[in-house]
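Given the structure of chain A, go ahead and fit chain B onto it with the hints provided.
Number of protein chains: 2
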Amino acid sequence: MSAYRFAVNVTPKPGILDPQGRAVERSLPHLGIEGVSAVRVGRRVELSVDAGDEGEARAVVERLASELLSNPLIEAYEVERVAGTTGVGG
Amino acid sequence: MSAYRFAVNVTPKPGILDPQGRAVERSLPHLGIEGVSAVRVGRRVELSVDAGDEGEARAVVERLASELLSNPLIEAYEVERVAGTTGVGG
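Chain order of the listed sequences is A and B.
Using our numbering, the letters of the first sequence correspond one by one to residues 38 to 127.
Using our numbering, the letters of the second sequence correspond one by one to residues 38 to 127.
Chain A on its own, in the form it takes in the complex (with noise of 0.2 Å):
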């Protein structure tokens, strides 16, 4: 067993509302930011998964992404394998 860890990326789907990447665009010209557009604010979640190979691992992120850290309806998700691999013997 292996532990292998991954970040899972929660964004809002394109057209969905997003008041939080508003509110930053709205905070951009009080400190004199410019160009800065199509702001959208989502999660980050990170997590170390101990699986036999990382395939293993890696269907317990996507199943953990789609039915507990993402809303499938207005949101979208991916996984993405991050660096802090630990072999853990085996």
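No lab work stands behind these hints: they were computed from the structure.
Idealized CB from N, CA, C, for every residue including glycine.
Treat the hints with caution; some may be incorrect.
Stretch by stretch, here's where chain A covers chain B in the computed footprint (C-beta under 8 Å, at least three residues) [what the hints assert, rightly or not]:
| hint | region |
| --- | --- |
| 1 | 42-49 |
| 2 | 73-82 |
| 3 | 104-116 |
Chain B only, in chain A's frame:
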């Protein structure tokens, strides 16, 4: 000028309490998911920057990340270049 798309990943610093991460961990047994640990919940902010080159665009994103999108006392951020570059002339 071109539009460069970036993501800013904001995560709780190591050692900082993460109640959302703990909530996810406590939900796992109800879903029948085993082997998942070290869950950390942060934010992912995606944005486009119009700038003369990628370095200039990245500097804007770094400033935004440190001054508006993260709380440096308790959160770390990393800036990531993502797909979706749109040349808009020049």
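Taking the hints in turn, this is what the structure says about them:
| no. | hint | verdict |
| --- | --- | --- |
| 1 | 42-49 | holds (count 5) |
| 2 | 73-82 | holds (count 10) |
| 3 | 104-116 | holds (count 3) |
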